[in-house]
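Trainee: One-letter residues, chain by chain:
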Amino acid sequence: MPIVFDNVSKKYNNDYVALDKVSFIVNPNEFVSIVGPSGAGKTTLLKMLLAEEKPTEGKILLHDIDIHTLSGEDMNFVRRKIGAVFQDFRLLPNKNVYENIAFAMEAAGRPDEEIESDVPHVLELVDLGSKIWNFPSELSGGEKQRVAIARAIVNQPDIIIADEPTGNLDPVNTYDIVQIFKKINDLGTTVVLTTHNKGVIDSIGRRVITMQDGKIIRDDPTGKYIL
Amino acid sequence: MEKQAFKTKFKRIFKAGFFNFWRSGFVSLASILVMVITLSVIGSVIFVSAVLNITMNELRDKVDINVYFVTNAAESDILALQKKIQALPEVNNVEYTSRDQALANFKLKHENEQTVLQALEELGDNPLGASLNIKAKQPSQYEGIANFLNEDNILSSDGTKIIDSINFFENRTAIEKLSRIIDSAESLGLIICLALALVSIVITFNTIRLTIYVSREEISVMQLVGASKNYIKGPFVVTGVIVGLLSGIITMIIFFPISYWLGNLTQNFFIGFNIFDYYLSNFFEIILVVVGSGVAIGAVSSFLAVRKYLKL
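Protein sequence lines, in the order shown, are assigned to chains A and B.
Per this note's numbering, the first sequence starts with residue 1, numbered consecutively.
Per this note's numbering, the second sequence starts with residue 1, numbered consecutively.
For the record, the hints were derived by calculation from the structure and aren't laboratory data.
C-beta atoms are modelled at their ideal positions from N, C-alpha and C, and glycine is treated no differently.
Mixed in with the good hints there might be a few duds.
[Stated by the list, open to error] For lysine-lysine, the following DSSO-like pairs were computed, each having C-alpha atoms within a straight-line distance of at most 27 Å:
id, chain 1, residue 1, chain 2, residue 2
1, B, 109, A, 11
2, A, 131, A, 54
3, B, 3, B, 233
4, B, 15, B, 233
5, A, 54, B, 15
6, A, 131, B, 311
7, A, 95, B, 83
8, B, 109, A, 81
9, A, 95, A, 198
10, B, 3, B, 62
11, B, 3, B, 15
12, B, 7, B, 83
13, A, 95, B, 62
14, B, 308, A, 47
15, A, 95, A, 131
16, B, 9, A, 95
17, B, 9, B, 161
18, A, 81, B, 83
19, A, 95, B, 161
20, A, 11, A, 95
[Unchecked claim] Ranges between beta-carbon positions, derived for each pair:
id, chain 1, residue 1, chain 2, residue 2, range
21, B, 53, A, 88, 41 to 47 Å
22, A, 141, B, 30, 39 to 45 Å
23, A, 66, B, 196, 19 to 25 Å
24, A, 116, B, 214, 27 to 33 Å
25, A, 66, B, 310, 20 to 26 Å
26, B, 203, A, 183, 17 to 23 Å
27, B, 33, A, 141, 53 to 59 Å
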């Protein structure tokens, strides 16, 4: 399903402008990287896609539906169709790897048998089968991010959004994580990713949207990291 | 199908609540400790009100007035008066002590005092008059009864005075003071207990809120993954119920040795009231109130606390 940002603005306290009339379309199965300096509005953009923040003006459409007009229950349904990955992983600390991933499936109301067969499978996909019963505190940064990605993809979402997913990782893990995202994209999922990392952009070699001061200043179909 | 889905959901919520409780061990222990204190206060309210109630009744029962008759008063006149007094609405009970009985009581009381008995012997005649012991339903009603007795109409059939003295007028200030103390002790005791209970409930509520405050990030992650509000609230409420249930049981276990120890101690102090006996004979009522309060406080505080962090 295409993602449409239509003239979206976000103002905080009525004067600080985080986003200024941003418009763009992400087509199904695209891999879009959003780059820009800190404070350019990248994270705000993703938060709006998850309905964590409301736009001050403009609309965000998924399947031609303005997601900010949806009720809480309908929004839950939409969130299950979007997998989210964050720089700080956001795993549930009191649940082990298996339960963290199972939680997303339980929330979607999937039956036990499916959970039991899908969780190990998705952990194999992110190459973390051996740590299935470990708690987040026992994992390295790269491993935590793999769990987060596994949780994001386990409900077979249409879209994966990743906010600086490699921000806390070393170069080797960064490379691995980017490869996982590419694999997910190859399997037919739209990926929207924000990053600071020039190496990440260059190794992906797909569409790059560059932001500055809440505006889109460049949109290259096969971009490089240019600032 | 619908029923099956509900069952699965319920099972998952219960399991998540239990793991939540088990894995945040120290935090759960802290909540249990605070909850046990609260429930002990609530349990103590039950005991204190029972002690107050029973002791005050005993004290009330101890207050009475005695009417002493002149020695030559005819028994038929006294019995007629007893009937009249018994008919008063304020009167609970009237007991008649005859002259002979009074003498026997007197001798029994002074059986080791030879001089007293000798003096009595020398008198020859029984110097004691008959008496009526009157108990009112309320301590405040003694004045009315005493006034009734003081009226001139209490005469024998031939018109002479038969009442020698009424001890109410001698003990009047003491009786009035005691009846005031009884009334205010009862209400003050209950007010203090209820205030304490309220304060400890608020403290428990805040403790549980703090444990959930620790999980506020977790709650927002659950929402981002698409969990419904009830599915997020459920496990926290289950954890609150587990904390309340365990705390209630622990409190009841703690009450056992404490009431046993206090039982012997209080039996002498509070006229014949044994806390331990009360604990045993009212066990099911007490456990219902204590465990019920624990579960209710746990569930309601968790519910309200999680709701605060469900922002999206």
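Trainee: If a hint holds in the structure, say so; if it doesn't, say that too.
Mentor: Structure-based check of each hint:
no.	hint	verdict
1	B:109 x A:11	violated (96 Å)
2	A:131 x A:54	violated (38 Å)
3	B:3 x B:233	holds (20 Å)
4	B:15 x B:233	holds (13 Å)
5	A:54 x B:15	violated (34 Å)
6	A:131 x B:311	violated (32 Å)
7	A:95 x B:83	violated (81 Å)
8	B:109 x A:81	violated (94 Å)
9	A:95 x A:198	violated (34 Å)
10	B:3 x B:62	violated (64 Å)
11	B:3 x B:15	holds (18 Å)
12	B:7 x B:83	violated (72 Å)
13	A:95 x B:62	violated (65 Å)
14	B:308 x A:47	holds (20 Å)
15	A:95 x A:131	holds (13 Å)
16	B:9 x A:95	holds (18 Å)
17	B:9 x B:161	violated (87 Å)
18	A:81 x B:83	violated (90 Å)
19	A:95 x B:161	violated (92 Å)
20	A:11 x A:95	violated (37 Å)
21	B:53 x A:88: 41 to 47 Å	violated (59 Å)
22	A:141 x B:30: 39 to 45 Å	violated (31 Å)
23	A:66 x B:196: 19 to 25 Å	violated (54 Å)
24	A:116 x B:214: 27 to 33 Å	holds (30 Å)
25	A:66 x B:310: 20 to 26 Å	holds (23 Å)
26	B:203 x A:183: 17 to 23 Å	violated (53 Å)
27	B:33 x A:141: 53 to 59 Å	violated (36 Å)
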